[in-house]
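In order, the protein sequences belong to chains A and B.
Take 1 as the starting number for the first sequence in our numbering and just add one per residue.
Take 1001 as the starting number for the second sequence in our numbering and just add one per residue.
Hints are computed from structural coordinates only; laboratory data are not their basis.
Any given hint might turn out to be false.
As the list claims (entries may be wrong) - Some chain B residues close to chain A (C-beta under 7 Å, calculated; not the full set):
1. 1084
2. 1085
3. 1089
4. 1092
5. 1141
6. 1145
7. 1146
8. 1153
Claimed, not checked - The following residues of chain A were derived to be distant from chain B, with all beta-carbon distances above 10 Å:
9. 33
10. 36
11. 60
12. 67
13. 70
14. 90
15. 127
16. 128
17. 130
18. 141
19. 144
20. 145
21. 147
22. 154
Beta carbons are placed, not taken as given, at the ideal position from N, Cα and C, and that holds for glycine.
Spelled out from the first residue to the last, the chains are:
Number of protein chains: 2
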Amino acid sequence: MTHHEAIAPTGQPAQYGLISFKNLATAVLPLHDDGFVTLVGQNRFAHADYSWELPEGGAPLDEDPLDGAKRELAEETGLQAREWRKILHVQLSNSVTDECGVGYLALGLSRSDGRHHRDATEALALARVPFRQALDAALAGHLKDVLTVAMLLRAYHMAREGDLPDALASVMLG
Amino acid sequence: MTHHEAIAPTGQPAQYGLISFKNLATAVLPLHDDGFVTLVGQNRFAHADYSWELPEGGAPLDEDPLDGAKRELAEETGLQAREWRKILHVQLSNSVTDECGVGYLALGLSRSDGRHHRDATEALALARVPFRQALDAALAGHLKDVLTVAMLLRAYHMAREGDLPDALASVMLG
């Protein structure tokens, strides 16, 4: 954490504490052709509870985040995707950090050719659930991670607005 | 920032840096009866750019966040609401902070009786824009704050799912 001198909008000097992140948070929504999504379950020490969420990771700022997203998806779920769409780009905290996040929709899923290897500090469970069930769980507060909640809502919006294949939107919303 | 010793899921000791927040981030989506929303514009030093977003603030953890949300809405926009609905409760970062955020939908808006006074370090601009225009701007990356993006998507979901008065949903989506 570093401290910065700055001029506030009022013209007065102000000091801000700023936590700079070296990674870009990346999230992947793996959306299967049958309208199911794959979620990962893990302990998150920062919140001291068990969390079901999208496959997520941190891409170094000098790497194409899509490469990081593909790697995370393969490592955490053993899946690969035929089609990738960037559907979210956000700032995660306005107060003291400059962490940004990007989210990708992964379509045309199949088992990854590569080995499904997990980082030694991660112990992940996997769940394949209907899209509606995941979205309802998020809105009921059972899924709390903000990127997970925002990505599920974004996919709902795409399904409703005709931005996804009709057959897929139909099984998602049905 | 404090450092914590913990046991990783693998059973090995691990050390985590954890930034604990004293405040709960609160966001308010002021949704007018005519389907317009009020956004505030301000500099955010953490991201070094100008940001249009929902009225937001931080409520002390021992305060009812709804009270904080009402205060923020009045102070930043001069508005008061007849109806409040909590529509989002999320964790803002899974990696190093335990910051949580809650979002409220504010309906039945009118000018606040109280004085519209602004924090001395804030210089806010106000904009009243159609809901669709705000949502499209968020999805095009022009609004980046994650709570703002998630709340607009949540309101879209509510309008589509029949969770808002028909007349309001109609002008929002029309």
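Checked against the structure, which of the hints given earlier come out wrong?
Hints 1, 2, 14, 18, 19, 20, 21, 22 not satisfied by this model.
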